[in-house]
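J.: In the working numbering, the protein residues as written are 4 to 312.
Just so you know, the hints here were simulated from the structure itself, not pulled from any lab data.
Now the in silico label distances, taken between C-beta atoms and shown as ranges: (1) K168 with H107: 14 to 20 Å; (2) P98 with A269: 18 to 24 Å; (3) E211 with P98: 29 to 35 Å; (4) Q155 with H181: 26 to 32 Å; (5) N271 with K186: 32 to 38 Å; (6) R152 with N272: 45 to 51 Å; (7) G33 with K233: 25 to 31 Å; (8) R152 with L279: 40 to 46 Å; (9) S140 with N53: 43 to 49 Å.
Calculated cross-link-like contacts (lysine to aspartate or glutamate; reagent style EDC-like; alpha-carbon spacing at most 20 Å): (10) K64 with E222; (11) K71 with E28; (12) K217 with E205; (13) K99 with D230; (14) K285 with E222; (15) K127 with E56.
Backbone N, C-alpha and C fix where the C-beta goes; we use that ideal spot for every residue, glycine too.
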Amino acid sequence: MNLQQELNKVSGFKNLELLAKQVVEGFIAGMHKSPFHGFSAEFSEHKIYNQGESTRHIDWKLFAKTDKLYTKRYDDETNLRCHLIIDNSSSMHYPKMGTFDINHLNKIAFSALASASLMHILKKQRDAIGLSIYSDSYEYYAPEKGSERHHQMLLNQLNEVVKPKAEEKATDTYKYLHEIAEKIHRRSLIFLFTDMFQSSVEEDKLFEALRHLKYNKHEVILFHVFDKNKELDFNFDNKPKRFVDVETGNYINLYADNIKENYHTAVNNYFEALKLKCAQYKIKYEAADINKNFNNILTTYMIERQKFA
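Based on the provided sequences and hints, a complete structural model is requested.
T.: Structure, rendered in structure tokens:
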């Protein structure tokens with residue numbers, strides 16, 4: 004089955020649940036399940052994973068070591084609490100989407116489908132899921148629950164979040180992260196989807212808020228969502244263009260080639276600084292290029308879940 008073709012048959016985000024299911028199935032099917040060689044002590048405690056079985060007992064640490072899927076014969080049955088946070092500011096709606104194409108999602112659509120895919124796995128594992136969405140206000144909050152009704156309610160919110168914004172919406176990410184931190188009382192695995200666009204003045208405030216999120220022994224994973232081709236590599240043709248800040252309306256007219264090299268250097272330095280600061284505060288940083296598939300998102304979740312347990 005060609006996963007990309009199958010996903011594009013689904014009409015936009017009208018069936019987000021089906022899209023998420025197919026993303027997860029494609030992720031699982033793409034992994035190697037060949038016979039085991041070596042690691043005899045570990046092998047005695049594991050069995051080969053068969054497609055269709057629950058992913059709950061897969062040993063992801065062993066997968067990282069062997070590149071093969073095995074399930075533990077005995078595993079901790081403790082359920083996980085997970086909270087998903089999505090930045091819904093105007094910059095997350097870049098680039099503008101025309102017809103739906105799984106290979107050309109904008110940042111908010113990528114984040115919504117990634118979140119729905121994580122929710123699909125969490126639901127299968129009977130874990131509790133919460134969701135927060137913010138832009139220039141705290142738009143939505145749902146505490147961690149595991150019911151089918153709750154799952155459908157969150158999917159409806161993800162369907163709403165991908166709709167184009169009628170007006171410019173900036174955000175003070177740090178402000179809403181502090182609010183979210185005050186709401187999550189029981190130890191949870193927290194995933195934040197954001198493009199990390201804020202002023203240099205706000206950067207320190209943002210990391211203070213991320214440290215607040217780690218309070219109560221929460222584990223925080225930052226998925227840095229960006230369009231590598233445009234927002235990092237600045238690959239535009241060299242015709243005169245107007246570049247508009249979608250959150251403020253400010254603009255500048257220029258030829259892309261005139262600033263491409265300096266732009267790439269500055270943004271790359273910023274990205275590297277983000278990684279270092281995340282490491283300093285023991286926050287898991289993962290680059291999430293919207294031009295790639297969701298394998299990195301799902302693998303990160305699986306490994307972090309096992310470490311968290």
